[in-house]
Amino acid sequence: MTTTATTAVAFDQVSKSYGTVRAVDALTLTLHPGQTVALLGPNGAGKSTALDLLLGLRQPDTGTVRLFGSTPREAIVAGRVGAMLQSGGLMDGVTVAELVRLACALHPRPYAVTDVLSRAGIDRLADRRVDKLSGGQSQRVRFALATAGDSDLIVLDEPTTGMDVTTRQAFWATMRDQADHGRTVLFATHYLEEADAIADRVLVLHRGRLLADGTATEIKAKAGARRITFDLDAPIDETALRALPFVSSLDVSGPTVRIRSTDADATVHGLYAQGSYPRNLEVAGLGLEEAFVALTTAEEARTA
Amino acid sequence: MNNLVTLELTRALRNRKFLFFSVIYPSVLFLLISGTADSTTTIDGTGLTLPTYMMVSMASFGALTAVLMGNSERIAKERENGWVRQLRLTPLPGRGYVLAKTASAAVVSLPSIVIVFVVAAVAKDVRLDAWQWLALTGAIWAGSLVFAALGVAIGYLASGDAVRPITMIVYFGLSMLGGLWMPTTTFPGWLQDIAEWLPTHAYAALGRAIEQSQAPQAGDIAVLAVSFLLFAGGAAWLYRKDSLKA
Chain A
1 MTTTATTAVA
11 FDQVSKSYGT
21 VRAVDALTLT
31 LHPGQTVALL
41 GPNGAGKSTA
51 LDLLLGLRQP
61 DTGTVRLFGS
71 TPREAIVAGR
81 VGAMLQSGGL
91 MDGVTVAELV
101 RLACALHPRP
111 YAVTDVLSRA
121 GIDRLADRRV
131 DKLSGGQSQR
141 VRFALATAGD
151 SDLIVLDEPT
161 TGMDVTTRQA
171 FWATMRDQAD
181 HGRTVLFATH
191 YLEEADAIAD
201 RVLVLHRGRL
211 LADGTATEIK
221 AKAGARRITF
231 DLDAPIDETA
241 LRALPFVSSL
251 DVSGPTVRIR
261 STDADATVHG
271 LYAQGSYPRN
281 LEVAGLGLEE
291 AFVALTTAEE
301 ARTA
Chain B
1 MNNLVTLELT
11 RALRNRKFLF
21 FSVIYPSVLF
31 LLISGTADST
41 TTIDGTGLTL
51 PTYMMVSMAS
61 FGALTAVLMG
71 NSERIAKERE
81 NGWVRQLRLT
91 PLPGRGYVLA
101 KTASAAVVSL
111 PSIVIVFVVA
121 AVAKDVRLDA
131 WQWLALTGAI
141 WAGSLVFAAL
151 GVAIGYLASG
161 DAVRPITMIV
171 YFGLSMLGGL
181 WMPTTTFPGW
191 LQDIAEWLPT
201 HAYAALGRAI
211 EQSQAPQAGD
221 IAVLAVSFLL
231 FAGGAAWLYR
241 KDSLKA
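Read top to bottom, the protein sequences are chains A and B.
Using UniProt numbering, you'd call the opening residue of the first sequence number 1 and step up by one each time.
Using UniProt numbering, you'd call the opening residue of the second sequence number 1 and step up by one each time.
Calculated directly from the structure, the hints in this document are not laboratory data.
It is possible that part of the hints are untrue.
Ranges of calculated distance between the beta carbons of each label pair, as one might list FRET restraints [claimed, not checked]:
1) B/186 with A/108: 53 to 63 Å
2) B/99 with A/42: 40 to 50 Å
3) B/99 with A/62: 32 to 42 Å
4) B/93 with A/134: 29 to 39 Å
5) B/240 with A/62: 18 to 28 Å
6) B/221 with A/77: 31 to 41 Å
Note that beta-carbon positions come from the ideal geometry of N, C-alpha and C, so glycine has one too.
If we strip away everything but chain A, and leave its shape as in the complex, we get (with noise of 0.2 Å):
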């Protein structure tokens, strides 16, 4: 097999500005198939503009972006991908089934628009006019738009905004679903824990790079993401405490000793090597959130 064939979403060194603004700084990422891909970022991170090119929505100023081995217009008109953007809107004045009926027209290799309507959740909205739906509705209209067909890759801006739980549950075990068939998923979410319980690989993207490309658990180790809490008796002695593997920050006030660490088990370890004998011993995993903040004001930090 070839590297193309087994490759979802190749980007070569992309980069795309706005006047003196770097939207997306040399990018490079690879994605393959059945993976389920979170893309996380702050606000301005260029989420949004890393979609538009992975899309061919916007042309890079330098570098390629290819979808399967082909350009991205190509796989589109191939039917290989399927995509839901947050600025992507509706025809007014036709009914949601009307709308997906085309949708189901336009691809390839379309489901049945029954099956397409009910797996988004809309069945029961099918003769409700577009112009006349909630946020969350348009919002599985659109989902149903990108899953009309038969599509290697599904892309999602932001999916579950204006969803309520209950659907933004049945919504992701759409995902899984489809993740299960061999799809490659990539969404971008604000939702850090919808990242952890879904993704099987985030990537983190920060002044349109690269920050962090791993699993959720790698992000977390990343940031220093688990906490040791436990008391110990006075004296403590701080230098040695500092001095236990992987720590990455450490907390003391009065018994009680808060050490962040990207690889727990070693400093309990160490920590039992030094011979103490730490009391009420908690280890926490932080959530990836935390891990994000971590991440991104730690290159705050670094490129200000």
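For this one, chain A is given, so just place chain B on it according to the hints.
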């Protein structure tokens, strides 16, 4: 693409206001203008009676309304709300959107032409040979493509609040100055000189030549052809510019 044409049509047929203005309104206007006119008085220098003269004007006006108003505002709106972007994520070729808009406008413009003819024949006793009716329908329908292209160009040029006034100014300017509402022979001399260069003037002149059993003037054909190239070229250029910035 056919699916999009069908859907555009479905939507157009659902829009009562649009249907009224493009399909019924020209016939109503025709009856109002030719209401008191008898069928013997002829318009200066044409040999045509007022109803015969106004029939072509109003059929042209109806077609103009359908293609110009239908396209410009819709395109501008759909560019803004992101529907155009969404369509670019489907295998539909980029120009398919514009073609679908134009095709569906052309389908709506046909009844507006035919209804004016029927009203003129029934209510105002306008009589023409069979070939003339057919040629008139064909010429006015085909000629409306010029203004469909103009509508597309405006739709890509203007956005938001600007598109409606621009469309209105162009629409009324072309209709009035081109002599669709009243014969340009009633205009002052300098205005007549300007009017002669307007595509709407050439458009109506095309129909009138058929009514007079004459070959169309080469000048009118040229004005329409150049206008079409200008509008279609402008629309294509603006479209490409728009798709680069998505």
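Unmet hints by their number, sorted upward, for this structure: Failing hints: none at all.
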